[in-house]
Structures are given as structure tokens and as C-alpha cells.
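Generate coordinates for the entire structure from the input sequences, incorporating the hints supplied.
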Amino acid sequence: DARVTQTPRHKVTEMGQEVTMRCQPILGHNTVFWYRQTMMQGLELLAYFRNRAPLDDSGMPKDRFSAEMPDATLATLKIQPSEPRDSAVYFCASGLPPGLYNEQFFGPGTRLTVL
Amino acid sequence: GESVGLHLPTLSVQEGDNSIINCAYSNSASDYFIWYKQESGKGPQFIIDIRSNMDKRQGQRVTVLLNKTVKHLSLQIAATQPGDSAVYFCAENSGGSNYKLTFGKGTLLTVNP
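Chains B and P, in that order, give the protein sequences.
Note that my numbering has the first sequence beginning at 2, numbered continuously upward.
Note that my numbering has the second sequence beginning at 917, numbered continuously upward.
Wrong hints could be hidden among the right ones.
Computed list of lysine-lysine pairs in DSSO-like fashion (alpha-carbon distance at most 30 Å, straight line) [what the hints assert, rightly or not]:
1) LYS1016/P <-> LYS63/B
2) LYS984/P <-> LYS972/P
3) LYS12/B <-> LYS1021/P
4) LYS63/B <-> LYS958/P
Hints are computed from structural coordinates only; laboratory data are not their basis.
Dropping the structure here:
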């Protein structure tokens, strides 16, 4: 069945290292979201794309985070350099064009630990 | 700023009982609401949604009620089962071309056998 996939599922890295997380949205979905989840802040929207163009990245620290969609089947979220406060679960979600109902389908997440 | 919040951070029920999870929202412009279920180690999973032109929507064992007068949303789960144990989030969309969802902090539902 169609689902959002994310890689890697777990990542442990040291402070200062570059981290790249990947997401494959559901085929046919033209809107892709990146969220970060922590115990303290809950689910926070970092950025979202429509038709591969960034629409809103106001939730993302611009100095170290970047999000791209090289093609319709791949979205990436990069952190460079990573910091311990970036430790969280990062979720990708995809959805259809805004319509009557705007459900977002979430991937399994990437659990990032920065030491 | 405006946000979505939950009244109860935890809820414990007996198997077979009905569960009610509540959510308060503050953005009067929100016109679309979703309930998500998140099990441990997994991403949020869609349960049910509702548009602001409706008061009630039913799914399989779940019902969402929307009271726009007091900006309140609830999720009712009938005959709660152990598999319903999870964190439940409400989310709102403020409408228009804005496709962003604002999530509440979540309520942990524990179902006791």
C-alpha cells in the first residue's frame, strides 16, 4: 500500500557533523512537509513544499537547516553543522493539493541523536 | 500567538468503555480539523477530520464533534480497545491557501484490560 518512507530511521552523530534525512512522498502527492517532534515542543512544522517549490520554511533555523526537493520522489532535510539541541524525531508528511479535506500522511520518522 | 491546546494530558480508561479526548483551539479562522493517533515509535496516523461547516462526523468507532461557539473539538472512541492506546493529537488548519497544520501537545490514552 502507498506510504511515505523515510531514511535513515535512526541516526546518531557527533556535534558539528552534517546530517541528511531523506523522504519519499506518496506517489502523486504534490505537497511535502517536514516536522520536528520533541517532548518539550511537540510537533513543529519546519518547512513545506508544493510541486517541489518551497512555500514556507519559516519554522526552520536558516543558518543550519536546509530543505530541498531534487525531484518529485525525493525530499531532503539537511542539518549542517548539527548541534545537540537538534536531537529529535523528524517526520516527513505528504498530501494532495488543498481541497475539501487536507489530510497529511506521515512517514515513520528519523530519530536523530546529536552527541 | 494562537495555538491548539488539550485539556487533559493523560487519560486512562477500561477496555470496553468509551473514551473522550478534548481539544481547545483559539484560531477562529480555522476551518479544518484533524485528529491523529501516534503509537510509540511511529508517525502520526490520520483518524478522522472535520470541516468547520459541520458539527459532527462519524467514522468506524470514532466520532469527532466540533463546537465553534466555544472553539472546542472532541474525539470520541467507542468500546475502547487496548490497541487504541496511543497519543492523540488534534490539529487545525487556518484555511485558505495556507496548508499548514498546527498541532496540539497531545493526550496519552491508556486502555487497561
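- Query: What are the numbers of the hints the structure violates, in ascending order?
  - Reply: none
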